[in-house]
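Going down the list, the sequences are from chains A and B. Note that the first sequence covers residues 1 to 248 in the numbering used here. Note that the second sequence covers residues 249 to 430 in the numbering used here.
I should point out that these hints are in silico values taken from the structure, not numbers from a laboratory. Among the hints, a few may not be true.
[Claimed, not checked] In silico DSBU-like pairs for lysine-lysine, Cα to Cα no more than 35 Å straight-line:
(1) A:K22 to B:K426
(2) B:K426 to B:K306
(3) B:K397 to B:K426
(4) B:K397 to A:K22
(5) A:K22 to B:K306
Residue-level listing of the chains:
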Amino acid sequence: MMDQFERLNDLVEGMVAQRRLKRLRLSSTDELEALQVAAALNASQPNADDPSPEFVAALHLRLLEEQAAPALRRTFGLVSRRNLFGSMAASVIASLLAGIGLDRWVLPKPAEPPRQRRWPAPLVGDDGQWVPVGMVSTMPPGTVQRFTAGAIGGHILNEDGQFRAVSASCTCMGCILTWNAEGDEFVCPCHGATFDRAGAMVDESPLYPGVQLRRLPQIRVQVEEDAVMVWTTGPIEQPPPPPLPPLV
Amino acid sequence: MNVTQEAGQPSEPSSVDHPTWTLERVYETFIDSVYRFVFRRVGNREDAEDLTAQVFFKALHSLEHQREEASIRAWLYQVARTVIADHWRQFYRLPAVSLEFLPRLRQPAPVPQEINTLATEEAARLLSLLPDNYRRVLSLRFLDHLSIKEAAAEMGTSEGNVKILQFRALRRAAELAKGGRP
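Model the full assembly from the supplied sequences, consistent with the hints where possible.
Listed below in structure tokens is the structure:
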């Protein structure tokens, strides 16, 4: 049987290595207090107590998933919370919601009873609107142009005269994709995954080998005279922002 | 990640009209301080991350959003205390665990050079109150991060003795800390 010196030292070893402590059963309050002093000493070095950026980002994402879960359950009607969190799909969907600006705590208005929340609507439902994001005359075939309209950020593409738009949020964690004209692909600045013009993943992220990312969501586009419009939702700036210069 | 900033979103809450706090704001405002609060009490990164996550998940589900900043902070810290107490109860079941003693040490004492690297004055003062060999073993283990083997070599004793010395030093420190309570 392990004596108290060994047991405490076992715990201290984990502590010094910044690892989760083994859940050893202590035999007295003396031991527990010694362990707590060890914790305080181990935490007392300069800068040891800053959270890592990775942790801060990852927890943020988990909270967004949790926040989105009821809406996802309602939408898909089949995933339990446990399954949902275990699945990659949850991350992907949550990041989509996050990427289009719905990553806010949707709060009860003061007039509403507490605890009642409004949940994000599907990507863009019937309550969207057409918003101009560019001009046909400034977007020759081959153009790929970034836009932000309401809550939606995307890229609009002129494919031989046919305009299409895809979401600019990576389906991994919602990072904003950049267009790499040389490689003819969208690149995720966070983890390096790439997507083709149609939004399908080309290269997986080198950081997450074997993970197949979802297609980038498509955004409806229509052309009205010289205006290229996308179907979007969320607060629309008035007047709409001027189109950005073409990237290619 | 927000592509656009929502119009009409107040940038600062006003205490007059019962501001609501978005998850973004609660998280951005308090993640660092809550994490530090937890870390300083559990002493390792991984447990601190787990427990900090628990605090914010509870906040997501239970925190009333229409509060003032001080009230939000107090709520988060109270939850953090509960979560930390539950954490320690996994090691030893106690009716109430509260060892918030480091910040409460009162006795002033000169701080030897070797422990001046400690971030918290309270911890440095605590070490300074210990007999030399106790202070030495804790400094070697927690400040210099020497292994038991290295510490034994440094102190010219056996590994078994270092473990015993370490235990007794931590016990003495705990007694001092408790004695320092108001």
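Results for each hint:
Distance restraint check for A:K22 and B:K426: the Cα-Cα separation of roughly 25 Å lies within the 35 Å cut-off, and the hinted pair is therefore satisfied. Proposed proximity of B:K426 and B:K306 is supported: the alpha carbons are some 31 Å apart, at most 35 Å. Note on B:K397 and B:K426: the hinted pairing holds, with a Cα-Cα distance of about 31 Å set against a maximum of 35 Å. Among the hinted pairs, B:K397 with A:K22 is consistent with the structure: their alpha-carbon atoms are about 21 Å apart, no more than 35 Å.
A distance of roughly 24 Å separates the Cα atoms of A:K22 and B:K306; the hinted pair therefore holds under the 35 Å criterion.
Of the numbered hints stated above, none is contradicted by the structure.
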